[in-house]
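Novice: Here are the chains, one letter per residue:
4 protein chains.
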Amino acid sequence: MESTLEKSAFENLIKGHPFDTARQLADIFAETAVQRDKEGGSALEERNLLRKSGLLNLLIPKQDGGLGADWIDILKIVRIFARVDSSIAHLFGFQHLILATIELFGNKEQRDHFFQETAAKNLFWGNALNPLDLNTQSERVNDLRIVNGRKSFCSGAYDSDMMLLSAIEDGKLIVGAVPSDREGIYIHQDWDNFGQRQTDSGTVEFQQVSVFEKELLKSPGPLGSIRASLRPCIAQMILSNIYLGLAEGAFAEAKNYTRAQTRSWLSSGVSMPQEDPYVLANYGNMFIELQAAKYLTDQAAETLQRCWEAGESITENQRGKCSLDVASAKVTTTRAGLFVCNKMFEVMGSRATTGTARLDRYWRNLRTHTLHDPVDYKIKELGNWALNQELPHPSFYS
Amino acid sequence: MESTLEKSAFENLIKGHPFDTARQLADIFAETAVQRDKEGGSALEERNLLRKSGLLNLLIPKQDGGLGADWIDILKIVRIFARVDSSIAHLFGFQHLILATIELFGNKEQRDHFFQETAAKNLFWGNALNPLDLNTQSERVNDLRIVNGRKSFCSGAYDSDMMLLSAIEDGKLIVGAVPSDREGIYIHQDWDNFGQRQTDSGTVEFQQVSVFEKELLKSPGPLGSIRASLRPCIAQMILSNIYLGLAEGAFAEAKNYTRAQTRSWLSSGVSMPQEDPYVLANYGNMFIELQAAKYLTDQAAETLQRCWEAGESITENQRGKCSLDVASAKVTTTRAGLFVCNKMFEVMGSRATTGTARLDRYWRNLRTHTLHDPVDYKIKELGNWALNQELPHPSFYS
Amino acid sequence: MESTLEKSAFENLIKGHPFDTARQLADIFAETAVQRDKEGGSALEERNLLRKSGLLNLLIPKQDGGLGADWIDILKIVRIFARVDSSIAHLFGFQHLILATIELFGNKEQRDHFFQETAAKNLFWGNALNPLDLNTQSERVNDLRIVNGRKSFCSGAYDSDMMLLSAIEDGKLIVGAVPSDREGIYIHQDWDNFGQRQTDSGTVEFQQVSVFEKELLKSPGPLGSIRASLRPCIAQMILSNIYLGLAEGAFAEAKNYTRAQTRSWLSSGVSMPQEDPYVLANYGNMFIELQAAKYLTDQAAETLQRCWEAGESITENQRGKCSLDVASAKVTTTRAGLFVCNKMFEVMGSRATTGTARLDRYWRNLRTHTLHDPVDYKIKELGNWALNQELPHPSFYS
Amino acid sequence: MESTLEKSAFENLIKGHPFDTARQLADIFAETAVQRDKEGGSALEERNLLRKSGLLNLLIPKQDGGLGADWIDILKIVRIFARVDSSIAHLFGFQHLILATIELFGNKEQRDHFFQETAAKNLFWGNALNPLDLNTQSERVNDLRIVNGRKSFCSGAYDSDMMLLSAIEDGKLIVGAVPSDREGIYIHQDWDNFGQRQTDSGTVEFQQVSVFEKELLKSPGPLGSIRASLRPCIAQMILSNIYLGLAEGAFAEAKNYTRAQTRSWLSSGVSMPQEDPYVLANYGNMFIELQAAKYLTDQAAETLQRCWEAGESITENQRGKCSLDVASAKVTTTRAGLFVCNKMFEVMGSRATTGTARLDRYWRNLRTHTLHDPVDYKIKELGNWALNQELPHPSFYS
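Residue numbers (our numbering), protein chains in the order written: chain A, 1 to 398; chain B, 1 to 398; chain C, 1 to 398; chain D, 1 to 398.
The set of hints was computed from the structure by calculation and includes no laboratory data.
Here the structure is a predicted model, which means the values were calculated and not measured.
Mixed in with the good hints, there may be bad ones.
No copy labels: a pair is met if it fits in one copy or bridges any two.
As the list claims (entries may be wrong) - With a Cα cut of at most 27 Å, we get these calculated DSS-like pairs of lysine-lysine:
| # | residue 1 | residue 2 |
| --- | --- | --- |
| 1 | K52 | K121 |
| 2 | K343 | K321 |
| 3 | K121 | K108 |
| 4 | K218 | K76 |
| 5 | K214 | K62 |
| 6 | K214 | K121 |
| 7 | K38 | K52 |
| 8 | K121 | K76 |
| 9 | K321 | K76 |
Isolated chain A (complex conformation) (with noise of 0.2 Å):
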């Protein structure tokens, strides 16, 4: 089988620059995406090549055993995956906005010793934090926090090696950061969403689960500092990366198809459909989009990083204006996406709609993940800093 070959080849390969391996990586998922698409599940083979290539730790420092990337690399990475493989970006995207709400939530130590662990053994984290779902309670019990409950949306939590819980406890969240085989944590696999169908973003179940108090990020806790609250900003910036590689990658298909397969419209008066001046205009304005979506999205990801390096130095301006960058990425991401999603089957025509090609993932996965939160409520809080000057007020998703 070819792609084994390739993969052999690869893993050779990952000892170079992290893009490389990127793309070396997106070249094999790319190769196998229709058909997951269709199937759905686990990208079990897949999340092991992320392990293995290293790319699970790029946000770990070198002294920690990480590959000491800055968010503005881990992003393109997110990017170069979303490409060809929307669900692959998420799972990889979400690796890292765990690593970081470990290093904003909890204390050095908790850092330091997830880090280096994460680093050593290669682990893949899964999310089970979703805090618009409160199904999830915590009870202190001595030493221990029993926790129990289910948790929705739960992405990359099946074949996870570690993972980060929420709960309610005393009316407050909390949250923890755990093995995934921990005795009582239930993983469904029950997620059949029309998009984003390899990100096992269904169920957690929690019955009787031990939590230990130094697994708990509670210092500073869930959005406890300036810094904590970086949080939605890091992982709004994944989204963004993955509508718009998303997006490019759609385009980057259509473009394919129009030269090699699309026939000039029978009034269109020249022979190809390349020559078609409406066709010329379509591509022209979807390329406009994708410019402007990248610009903002690039220029949000140096705005971050900046705020990243500041450490507990950063000020409530900064990350209000960070949020405002992220804000203005995720609004221009969507709209660009959409647009894409939507425009490229009018430059492809009929038959590009065949089911062998599911040239309808693009959109299927860029209309489920554009949904994380209402882009509606981007807009007014934009709309807030520019006519009030009021920056947005840290919640999970600004």
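Once you've looked at the hints, dock chains B, C and D against the given chain A.
Specialist: Just chains B, C and D now, with coordinates in the frame of chain A:
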């Protein structure tokens, strides 16, 4: 099985007004629409219900054994079906397009014969006419035509009783009406596109198929008179009504979902999404788009009906104006449909992407079907009228 | 002077059908529209022509000496005027809004009296009713009301024969119909806005103005019954028809200009702009927007007329539905108008910005008038209907 | 007069950083911008201030007596002026376009001569080059060219010290740099368009005007080398920065107005427009559009500067990419600008149409200037790149 019970109940109903029958049928189709979208393939049971309902004979005058409906009502029924199942609406609509083609392209004898036979036997017609696909040839051998080749996008050919085929003979398009089980006709069930999945729009293969002189529609023949060139107007109106019905169905589904299942956004300051100013604005905008599309489509249906009734006395100017009204309907329903099928998710939220509901099917169906012919060229035709007072040049698409 | 000649010719014409009269008048208005847009101030000559034409009495039944037209025709005439001069259309429209207000807010005696007097003397009514401006107070002194204060946006008050005023008395809005030369009324010619420049929408000052009991429209009074709350529907329909007519006029002007004066772009590959694919697309898009706006506006006019004819038997539901149809017309004409008044320049080219043609007046007039009340709240009302089946709450704007 | 006082204060300031000088000048221009928009004609006083400020010499290297600024800074200053007065920004921008034209089209001697003279005498250059207007001819008579004819759209020619003219000689465009008071040159003050009213973009007439050999820029001549074809990139960047600055100015004005003068809408349920969800959404959307336009414009400025610095070593590919970045800036600033200049009124309300504020000037200026060349063809060029990897063909507009 409930559905069977309802179906037997339905069989008592089909003597009522066609609208009642259609609504009753639509309710039955709705029950299984999600499952059938998943499975694809042929809607055999539904096709049989259509046969039994008598609705396949709507266009056929009462004196010929049909229901004698006008285009205004036929197109409204297309819309009724499209609200719940745009594949069925497509098959139903094309039945009437084919009957119209017989009347428009053939002579009175042919029309009488095929209409009366259709009414007597509730024949379902399939389409193998796609004029853009030139891979079917006809050769004259004595009194016969011998047809060879393959035809793509043959909606409804599978399980049809009769079909309309086209082929190239001496560089010209000829059209014939033949029994679908004619020797040498092979109907492949190879349609597996991402939308309009139960339209059986696959390939028909012709191996030495005989077509008799009396089966050839050549007087006046394809687009052979002003009246004959009403055919594309009818085709485009069927498409427009499918798009509109489909969008109305999506809108209705969204509305029910928002009210029953959506939660208000955490920073919205309201307790129910029904009070959220942005949700209301989104609904308002969807409503306006649908309303505009509906009025333009209804208007075009009236114009079409007047042209149909004009018979051979129709003028180029009347036909041209009809084509323009139809183009307006086509553009507006396409745009309103795409707007609604994208936006509906923003007013439902991320849980609406669940695989069990398959709510993406509205977009998949619409996006697939709206690629029938490029909307950009409809806009150009309208512009050419608006600026230059030039009527569209009749073709299979204008 | 040519214009005078035509005017005398016109005086022989005004016995014809109101549409003919209106078109004839529009031709006369068109001759000087550019110059009058430049000068601003009062269109005294044109107002007198309107008086002489009899068109000020369109709404007044024949038995009361008027022309007995319905709203459908009155609104079409608003549109005819708006195509060439939206200020005149505004004055003409408000004449009928005021007459409607008298019928809707007052008692039968008042209606008969004011209608008959208007018809007999061709009275022109001015507006001093703006309910958002609370700077006018009324005090009861014996049988009289004494009104003091200032009112803004008093369209058509200057040179009017009669006016409708409103004031606050005991926290409630009262409305009265008084001669414009009533002692203490000072009509300032202080309207100098950038659009709708000849609507005299300036300030009226009231110094100890007496209003008699019989002049007060208080049975049922402002919005005092379901029927009375048709007033905002009429007001909004007049606005919508002004917007639509204005946009149609802009479109016609653009068309003539493109054909007569625009050169094809140097890289377009065509010799005339009429063949440029992008020029055609722009015209196509303008045409579609105008068509949709027109159908929705015509539809709303029919709904309004039915409600008007229902008299006191009108139900809340009918009035609510009418308000929704009117809102759709308002939103669509606003959008189509802004689209056309911006886009028209792209199909004419830079020379069309010449000061002598003042083609910017379409945009200036439309932009000014479409700010009458926020279109966002019309969209919200439509959304509230679409999602919640809640009818708009009657107010002076809904 | 206050303004005179400030002007004298300003004269002490002009030794500061060019940005400070520009902002100071902008404050002065802002004081009279409304009045000058009303009057039209020539901004003589402001032009003299520009002369005195030294900013006319920004592009000229320090060794030649200028300020030695790069394009990035020059274009930012265009934007600073455009925020308050897009006519002045236009004149200022074209000064630098003309200087660039001399450098790009002429030989080193000419460049040195004209640059040094400009710097020494603070010369203001006017434009009589419009290549689309073919009504100017040149004839060779001995060593001289004799130029006759008329040229339209000659921005800044009135009150200029020097001008660049173009004419057709033997079917080819020649360009010359001459003193504006050369015998036979008649500069008509006939510009009276609805926007960019103080750009003096009227007609220049040539009657037997002598042009000397050394005044002809013919080595490499108009678009005569890859580097020479940077001229349209510079021209388009000046336009884009005018559009952007203009839109930023409109946005700032709207913001101040909403906060200071707008009342909340009566059915909004909020007490101040700053809290209205739709007002906030409108501001958010304007902000996003402006941000995207700004990033693309800044990016294009950097690309342009790199190309400028590349000198004669610039490749076709570099120049082509520059042209594409410039096209993106042009399209985005055009769209964002039109959006803001229309929408701003919806967040201010109807009183903002008052004639004294002349807030329509933003739209008038933008709409006029954005017609310089059709944005549709910029989109086509971007599409041709995106789909076909074809670079724009250099012309005076691409």
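Novice: If the cutoff is 27 Å on CA atoms, where do K343 and K321 land: within, between, both or neither? Let me know, please.
Specialist: Intra 33 Å, inter 25 Å, cutoff 27 Å: inter-copy only.
Novice: Please work out whether the CA atoms of K218 and K76 approach to 27 Å or closer within one copy, between two copies, in both situations, or in neither?
Specialist: neither (31 Å within a copy, 47 Å between copies)
Novice: Between the shortest in-copy and the shortest cross-copy C-alpha distance, which are at most 27 Å for K214 and K62: within, between, both, or neither?
Specialist: within (24 Å within a copy, 65 Å between copies)
Novice: What label fits K121 with K108 when the C-alpha limit is 27 Å: within, between, both, or neither?
Specialist: So K121 and K108 pass the 27 Å test inside one copy only (20 Å; across, 66 Å).
Novice: Cα distance capped at 27 Å. Does K214 pair with K121 within a copy, between copies, both, or neither?
Specialist: Within one copy only: 20 Å inside, 76 Å across.
Novice: Reference check for the pair K121 and K76, CA-CA at most 27 Å: within, between, both, or neither?
Specialist: within (24 Å within a copy, 52 Å between copies)
Novice: For K321 vs K76, is the C-alpha pair at or below 27 Å within one copy, between two copies, both, or neither?
Specialist: both (21 Å within a copy, 22 Å between copies)
Novice: Treating 27 Å as the Cα threshold, decide for K38 and K52: within, between, both or neither.
Specialist: So K38 and K52 pass the 27 Å test inside one copy only (25 Å; across, 36 Å).
Novice: Within, between, both or neither: how does the pair K52, K121 come out at a Cα-Cα threshold of 27 Å?
Specialist: within (10 Å within a copy, 66 Å between copies)
Figure legend: structure checked against the earlier numbered hints; the only hint not met is number 4.
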